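The chain contents come next:
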Amino acid sequence: DSGVTQTPKHLITATGQRVTLRCSPRSGDLSVYWYQQSLDQGLQFLIQYYNGEERAKGNILERFSAQQFPDLHSELNLSSLELGDSALYFCASSVAAHNYGYTFGSGTRLTVV
Amino acid sequence: DQQVKQNSPSLSVQEGRISILNCDYTNSMFDYFLWYKKYPAEGPTFLISISSIKDKNEDGRFTVFLNKSAKHLSLHIVPSQPGDSAVYFCAAISTGGSQGNLIFGKGTKLSVKP
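Protein chains in written order, with the working numbering: chain Y, 1 to 113; chain Z, 1 to 114.
Some hints could be false.
[Unchecked claim] Here are the simulated EDC-like pairs of lysine to aspartate or glutamate, each with C-alpha atoms no more than 16 Å apart in a straight line: (1) K106/Z - D1/Z; (2) K106/Z - E62/Y; (3) K109/Z - D40/Y; (4) K5/Z - E62/Y; (5) K9/Y - E42/Z; (6) K56/Z - D84/Z.
[What the hints assert, rightly or not] To spell it out: a stretch of chain Y is covered by chain Z in this simulated footprint if at least three of its residues, at any positions, have a beta carbon under 8 Å from a beta carbon of chain Z; those stretches are: (7) 32–42; (8) 100–110.
Calculated directly from the structure, the hints in this document are not laboratory data. Quick caveat, the model's predicted, so the values are computed rather than measured. We put the CB at the ideal spot given by N, CA and C, even for glycine.
Using the sequences provided together with the hints, build the complete structure.
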């Protein structure tokens, strides 16, 4: 157990739907990162939050959004889902905004049918 | 445009021998490099890192080498053990940049045969 908790572990939904992925960072970590891993692809950075504020944005689609709450958990919202959004979504956390040894959760596998 | 490239999707090594995993990068602003290991159904776990001011960092059986002029780094595992079988991701970051996020390669699947 890495200390980063992601729920749900698996999610199957239809095209056009909206889902929310949840992440609880490791205790004491203020920074949360979301990554997407599609088939045969590396981990693609989506977005970073630090202590409730958006810190950096990567290749995140406009249909996707995220937030970090006062208790530091984070949610990634995916809407108007397409087949191509099927992927593993990982959350990671770190103590500071520029601490690089991220701790990853075990991921949420999203399947869009 | 892939900034971090792992050109070998897979590598098979005999137990006890050396495993060498390679990684190339294109962005000269990267100054910190990391290797992560990932088992199936788990998230990546941090393995070892190296700053651009060094050319080698060692941690037990794991050594990372950095060749800045060639924009190349490698991970050596000696001796390799069956438990090392996993996907290894190379990652890089520009610590002076405004974005504190790692750029990952696509990974190399290492199989260590008994």
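Here's how the hints hold up against the structure:
Simply put, K106/Z and D1/Z have alpha-carbon atoms about 13 Å apart, close enough for the 16 Å limit, and the pair holds. This hinted pair does not check out: K106/Z and E62/Y have alpha carbons roughly 24 Å apart, beyond 16 Å. The hinted pair formed by K109/Z and D40/Y meets the criterion: a straight-line CA distance of about 11 Å does not exceed 16 Å. For the hint linking K5/Z to E62/Y, the alpha-carbon distance of about 27 Å lies beyond 16 Å, and the restraint is violated.
In summary, the hint linking K9/Y to E42/Z is supported, as the alpha carbons are separated by about 11 Å, within the 16 Å threshold. Taken as a hint, the K56/Z and D84/Z pair is broken in the structure, with Cα atoms around 21 Å apart against an allowance of 16 Å. Look at the segment 32–42 of chain Y against chain Z: 5 of its residues bring a Cβ nearer than 8 Å to a Cβ of that chain, three or more, so the hint holds. For the segment 100–110 of chain Y, the assignment as covered by chain Z holds, since 8 residues bring a beta-carbon within under 8 Å of that chain's beta-carbons and 3 suffice.
Checked against the numbered hints above, the structure violates hints 2, 4, 6; every other hint is satisfied.
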